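Participant: Note that the protein sequences, when read in sequence, are chains A and B.
Note that this note's numbering has the first sequence beginning at 13, numbered continuously upward.
Note that this note's numbering has the second sequence beginning at 765, numbered continuously upward.
Worth double-checking, as some hints may not be accurate.
To be verified - Covered stretches of chain B, as calculated for chain A (at least 3 residues, CB under 8 Å):
#, segment
1, 883–897
2, 958–967
3, 1168–1174
FYI, nobody ran anything at the bench for these hints, they're computed from the structure.
What you are looking at is a predicted structure, and each value in this text was computed from that prediction instead of being measured.
All C-beta atoms, glycine included, are put in the ideal place defined by N, C-alpha and C.
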Amino acid sequence: MAVSVASLPERRGANGWWASPEATWGTILLLPYVGVFLAFVVWPVAYGVWLGSSPQSYVALFNDPIYLRTVTNTAIFLGVGINLKLFLALMLSGFFYNTRPWIRWLSVIFILPWAVPSIPTILSFRWMLNSEWGMINGILWSWFGIDGPWWLVRPHLAFGSVITVHIWKYLPFWTIILLAGRMSISHDLYEAARIDGATRLQMFQYVTWPQIRNLYLTSTLLSTIWSLGDFNSVYLLTTGGPNEMTHVLATLGIRYAFRMMQLDLGVASVMTALPVLVPLVILLVRRLGRRVEP
Amino acid sequence: MRRLASGLMAATFLTAVSSQAFAADLVIWWNKSYYPEEDEKFEEIVAAFEQDKGIDVELSFFTNEDMPVKTLAALTAGSPPDLAFAFLFDLQHTSRWAYEGVLEDVSDVIEPMEDRFYDYALESVHLTDENGERAYYAFPTQQQTAHIHVWRSMLEDAGLSVDDIPMTWHEYWDWFCDPAQPASRQATGNRQLYGVGQPMSSSASDTIFHFMMFANAFNVEWLDEAGDVVLDQHREGLIDALESYTKPFKDGCVPPGAVNWGDADNNVNFLNQVTLMTPNPSLSIPASQYTANPENYKENIVTIEWPDKPDGEPIVYMTAIKNAVIFKASNNKEGAKEFMRYLYEPENIGPYLEGSIGRWFPVMPELVETPFWQDDTDAHRVTHRVQYTERPQNTFPFVRNHRFITVMSENAIGKAAGRIVLENWSVEDAADELIARVKEVVGTS
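With the hints as extra help, turn the sequences into a complete structure.
Facilitator: Rendered as structure tokens:
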């Protein structure tokens, strides 16, 4: 048997390799990426940290009563909004798992809120919820003869509307993610469970949930990180009002930076989210880095 | 390889050099107007200036909201335009920038022509630096005050007349609540029609402007001449002003959504005939109908004066002096000054302001003597002229202390109104919180 041995490239010392044409080309081709990374990742983050580095900004921030309310709002927005959204997505993913044609068509309509840009859709909600001439109160009056609530005027109703719009907007996306998770579960498992006489609830409990639990938790983490920066749902619906009572950290930062022109306070308010954001990101990366055992 | 690297460096260098070579002599950022005529006039002035002086000008228009934000970003980056003008500079920045040493001293332009301006217009740009020294740090260009617009046609449909409106303070506001609101609701069958389009939101600068008028009505002084807070000495007046300002809302005569209005929303609600009347700082409401619906402009909408103060004296009108600025970091400060001298020629600034269809009032008395402003057939402009030439004016407190800008930008006034109508605070508690906030923010000069 003839054995051919391919000649290996001659091993160079470290200094020799750096002087090689490959190294020069490699460096040149890398330079644009390094430049882009420095310009659009390192520089903005470092500049933001620098802008929000004055302790006085944090003193001013913590002394502003709006800030405390905003932190509470953000916690409620994330706690209620995300859990409700993911729970509904989990339920709906089971519904859309069904293969009937009308459900397929319904899924196309269902995904529209997520697919359509935020500005027209959330502004439509704003107009629908208008106390005087909005569609919802108009229907309540013409069908039932009752004056509808002042949706965006009463602070609790306004904040409830913000959470509802956030869920409405992003529910389709997470439903699709969880639906994809469900679709990756082997049918054999359901078949085996059915033969064993498992009810639907038991199939969910012992087959579906264990298979998509990791995906659900990862989605919750990811949604928390994204929703912490959700500016649109709040700003387009209430602009943080009435009387600055529905702000979350993302909109409060904009209020300071562009309405009050206090850039340092704007950055500082967003920076105060880092103690929550960074552990979440680390947790997420660690989860994603885990190997799934077969 | 070396050739390639050299080529890349040369290309980068040439790109940088060529962008410098094509840069204009003078960079102007100007607030985009609401009407094309106004922008066109300004472009004509710039073109004539370029031709006369042989200076190449790069003119950029930015919207009302964008202009301060872009300017702030450019300042932070160290590359501001040579000359900048925004409708919101005076309300948000100018006096603070002067104090912080950001602005170029333009006294050499203003002082030789001081006698051409209204005194209060000059006062509003004669600002202090951090050493307490006063100088002209901005160019006054035009001014705005608070007007009251009323749907005459709707009142007449309800069997009422503009002439029925009492011109005494409390009766004036009450009249729009009753009889005007119920009569108009009955006539139109619209149960969601409101008598008063009072801005109540903490995100609208209109709330500040109009509450300042209410404060004037009750002789409230915010700061003394030295810029120190004296609001606590006017607590009773402030309570009365807040009471009067929030009463129409509490009486159900203001659309509930007014607590969320932005600056354009009182315009929108009025033009959609949701409200019978609305105060508005500038003639933008009738001006929007000038070409779009001339009948509304000429017949259906009227601009009337504010009522007399509760003590029977004529109301003092708040005036906001719009201004253009040159920054210390600007490249071509002399060119910018030269342009402003050119703009101040009556044949330039006069037609430019007239292009706004009367929305802005001149800061130079000589410009009011033109046929445009003396035309007595235009009822909106006549009221505007009377407000400025026959009634007293008052400038905003930030002219005396730049820190008052923070009170305005955080809209402590709108917040106080919100405390009363949304959170059921007593007027006294809301007034005390407002006084405390003003003292905390402004302190002493």
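Participant: Just to make sure I understand the rule, a stretch counts as covered if three or more of its residues have a C-beta closer than 8 Å to a C-beta of the chain. Does the segment 1168–1174 of chain B meet that for chain A?
Facilitator: holds (count 3)
Participant: Tell me if chain A covers the segment 883–897 of chain B under the three-residue, 8 Å CB rule, please?
Facilitator: Our answer is that it is violated, as 0 residues pass the Cβ test (under 8 Å) against chain A, missing three.
Participant: Are there three or more residues in the segment 958–967 of chain B whose C-beta lies closer than 8 Å to some C-beta of chain A?
Facilitator: Holds, because 4 residues of the segment 958–967 of chain B bring their Cβ atoms closer than 8 Å to Cβ atoms of chain A.
Hint violations for this structure: number 1 only, all remaining hints satisfied.
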